[in-house]
Amino acid sequence: EDKVVQSPLSLVVHEGDTVTLNCSYEVTNFRSLLWYKQEKKAPTFLFMLTSSGIEKKSGRLSSILDKKELFSILNITATQTGDSAVYLCAVPSAPSGSRLTFGEGTQLTVNP
Amino acid sequence: DGGITQSPKYLFRKEGQNVTLSCEQNLNHDAMYWYRQDPGQGLRLIYYSQIVNDFQKGDIAEGYSVSREKKESFPLTVTSAQKNPTAFYLCASKWGQNPEAFFGQGTRLTVV
Numbered sequence: 001e002d003k004v005v006q007s008p009l010s011l012v013v014h015e016g017d018t019v020t021l022n023c024s025y026e027v028t029n030f031r032s033l034l035w036y037k038q039e040k041k042a043p044t045f046l047f048m049l050t051s052s053g054i055e056k057k058s059g060r061l062s063s064i065l066d067k068k069e070l071f072s073i074l075n076i077t078a079t080q081t082g083d084s085a086v087y088l089c090a091v092p093s094a095p096s097g098s099r100l101t102f103g104e105g106t107q108l109t110v111n112p
Numbered sequence: 001d002g003g004i005t006q007s008p009k010y011l012f013r014k015e016g017q018n019v020t021l022s023c024e025q026n027l028n029h030d031a032m033y034w035y036r037q038d039p040g041q042g043l044r045l046i047y048y049s050q051i052v053n054d055f056q057k058g059d060i061a062e063g064y065s066v067s068r069e070k071k072e073s074f075p076l077t078v079t080s081a082q083k084n085p086t087a088f089y090l091c092a093s094k095w096g097q098n099p100e101a102f103f104g105q106g107t108r109l110t111v112v
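Residue numbers (the working numbering), protein chains in the order written: chain A, 1 to 112; chain B, 1 to 112.
Read the hints as simulated data drawn from the structure, not as lab findings. For clarity, every value in this text was computed on a predicted model and none was experimentally measured. Treat the hints loosely; a few may be bogus.
[Stated by the list, open to error] With the Cβ distance kept under 10 Å, some of the chain A side facing chain B (calculated, not the full set):
{"hint": "1", "residue": "6"}
{"hint": "2", "residue": "7"}
{"hint": "3", "residue": "51"}
{"hint": "4", "residue": "104"}
C-beta: ideal position from N, C-alpha, C; glycine also.
Please model the entire structure based on the sequences and the hints provided.
Here it is as structure tokens:
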């Protein structure tokens, strides 16, 4: 059974801190790994990673994949209160990558 | 504007009643999905459909039913057989083999 595990489940930081969110996975026929941000309702897409060692970057957010160790990290530098959200990691899973299996999410709270 | 529309945003239901949640998309996506999200948890897959008139059970299909009579629409019925239906329900869609899913704003169902 395909599995995605995120850590930590919850994180509270102060504005300006740097955070690292973790996502490990076990999936048959790995295709890609996706990161989403969920502020209140609809998750919004952040990154899709397919290759090891290639960093994806968008502003203060960056992410990298390690296919050998089966994990990904999402970094947020100089955090702001607007970064407060649930961050979800997902992988396309069996039988044909047609469904997304999600982790439990990391609830990030950034205090002023 | 293209997107996914879920309705209603909030829904209250008495125990023992069936209720149907609406999900419509105008993105011309082939695949559509229903997820359930409980507090402090990630997204769990209820049902998904890759083409019209076909759908598959996800991980927690018991007590739910779906139909896919049109490409644009994928309604979810929460039946009285669902033991703990109070949750946040998210509908998503995606195109072909592209793993990125787009989400609606969700429906919060409360059973009273």
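Checked hints:
{"no.": "1", "hint": "6", "result": "8 Å, holds"}
{"no.": "2", "hint": "7", "result": "12 Å, violated"}
{"no.": "3", "hint": "51", "result": "14 Å, violated"}
{"no.": "4", "hint": "104", "result": "4 Å, holds"}
Checked against the numbered hints above, the structure violates hints 2 and 3; every other hint is satisfied.
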